[in-house]
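Let chain A serve as the given structure and place chain B on it in line with the hints.
If you read the protein sequences in the order shown, they are chains A and B. Numbering-wise (numbering that gives the first Met the number 0), the first sequence opens with residue 0 and increments by one. Numbering-wise (numbering that gives the first Met the number 0), the second sequence opens with residue 0 and increments by one.
Rather than coming from a laboratory, the hints here were simulated on the basis of the structure. Mixed in with the good hints there might be a few duds.
[Said to hold, decoys possible] Partner residues are not named here, just some residues of chain B that face chain A (Cβ under 8 Å, in silico):
| no. | residue |
| --- | --- |
| 1 | A7 |
| 2 | F46 |
| 3 | L49 |
| 4 | Q53 |
| 5 | R54 |
| 6 | V64 |
| 7 | E66 |
| 8 | F74 |
| 9 | G155 |
[Said to hold, decoys possible] List time: in silico PhoX-like cross-link candidates among lysine-lysine, alpha-carbon distance up to 20 Å:
| no. | chain 1 | residue 1 | chain 2 | residue 2 |
| --- | --- | --- | --- | --- |
| 10 | B | K57 | B | K178 |
| 11 | A | K238 | A | K92 |
| 12 | B | K178 | A | K178 |
| 13 | A | K57 | B | K238 |
| 14 | A | K57 | A | K178 |
| 15 | B | K92 | B | K238 |
Glycine included, C-beta positions come from ideal geometry on N, C-alpha and C.
2 protein chains.
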Amino acid sequence: MAADLRNATGADVRAACRRGELTTPTPGLALGFVQANLVVLPREWAFEFLLFCQRNPKPCPLLDVTEPGDSEARFVARGSDLRTDLPAYRVWKNGELVEEPTDISRHWRDDLVSFVIGCSFTFENALLAASVPVRHIEQNVNVPMYRTNIACRPGGRFSGPLVVSMRPLTPGEAVKATKICSRFPRAHGAPVHLGDPAAIGIGDIAKPDFGDPVEIRAGELPVFWACGVTPQAALIQAKPPFAITHKPGHMFLTDVRDVDLDVE
Amino acid sequence: MAADLRNATGADVRAACRRGELTTPTPGLALGFVQANLVVLPREWAFEFLLFCQRNPKPCPLLDVTEPGDSEARFVARGSDLRTDLPAYRVWKNGELVEEPTDISRHWRDDLVSFVIGCSFTFENALLAASVPVRHIEQNVNVPMYRTNIACRPGGRFSGPLVVSMRPLTPGEAVKATKICSRFPRAHGAPVHLGDPAAIGIGDIAKPDFGDPVEIRAGELPVFWACGVTPQAALIQAKPPFAITHKPGHMFLTDVRDVDLDVE
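Isolated chain A, as found in the complex (with noise of 0.2 Å):
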């Protein structure tokens, strides 16, 4: 199912998560479509939650927020319906991951405000065009994930570490992949760290913290980028009594093409 949906649109991938039919990771998914992390808050906590991500806009940058109650990211993708249209999510308690649903509509309550957040699965379109090589699609898996000791700004209630994604990259390719993903500031853009894993916190580079570990070739370094994952490590710290996010990997396909998301 999932390798059908490598030349769909947004609104297929959607449908299909929709229809019960996917259900798993959606990197190389819809390739040049914006993809896009979620975090469903109740009003009460949705302020204190905008201000963390204004203040962490490289993890944390807003493609759309709803009003409350409404389930439509109608900004960016029309006709979509948050509670149904991700491949997997994550209900959470009082900062506890409690269940790992394919669909939250039995969950759905009038206060909540869902927040849609870039991701960088976006430009990998831009980086296979330009012959950048993305190993975690190569090797059909989740992109690896980890927590950092890089500490967020606190926004109200929430803190936390910074998560990064990693891309391993020959030198040349990091500097490519820099140039091209500055034009994408919304999807994470440029790189936060490059190189030795020790120096922003991270112990094992080969156990990641969220997704799949992936195969570092000689003469390629491990290259960091700014995780939409982010926020789930600041929903542990914050402790909200409820909160869904889409599951690590398993993102909310968009109608924006990335291009556009490049010269808005």
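Just chain B now, with coordinates in the frame of chain A:
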């Protein structure tokens, strides 16, 4: 006084305001430092205004948002006091302008949230450095600003027309300015229109809605940028019981360098 502050720092300009020595518009002051618009609202209205900004990033690029009651813009101007550090303010009640003080200390409340929003004065230093003329600095007046017929995306109770600033340029200079300003998305970025004012609902280019008129010479086009006075038009429509803004053209000077905004 103002002329002495052309090569000052952002902190120098804030200090001059705080001492009551600067009560005039700020274009051309502390060249190279990021200038900002101000909107202050009660916590009860803050989430909806954040929504409005998130949905209208061209007129409302957020540089800093405070915790309720905090009068320091600590992420862009450490040690600042938003109650005293601008040359002039506007106090609004139920969407009506009721006062234009030079200090808002006596209006301060514990529930007020301050929004510091990017300003096009920021990129004027880069324009001048590239020999692109800035007419209102040449003529030593405030920039001309106009209401347009372009509607902003509503956010909560906020909606209203896009307000634009205008600088007259030759076509060649307009292309150069577009390239330069594209590097500053958090200071309104590239122009939103150039040429015919009527195409965006501006009736008389010689009569700006805010600021001062400037000369448009033979061979020049008016070039329009999204403007941080846009939230003031939204305040008039939303009618919150209480709000404070800067007086148009009388901006908050930050400690952020324009070049840092460029590479952030």
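Task: Hint numbers contradicted by this structure - done: 1 and 13
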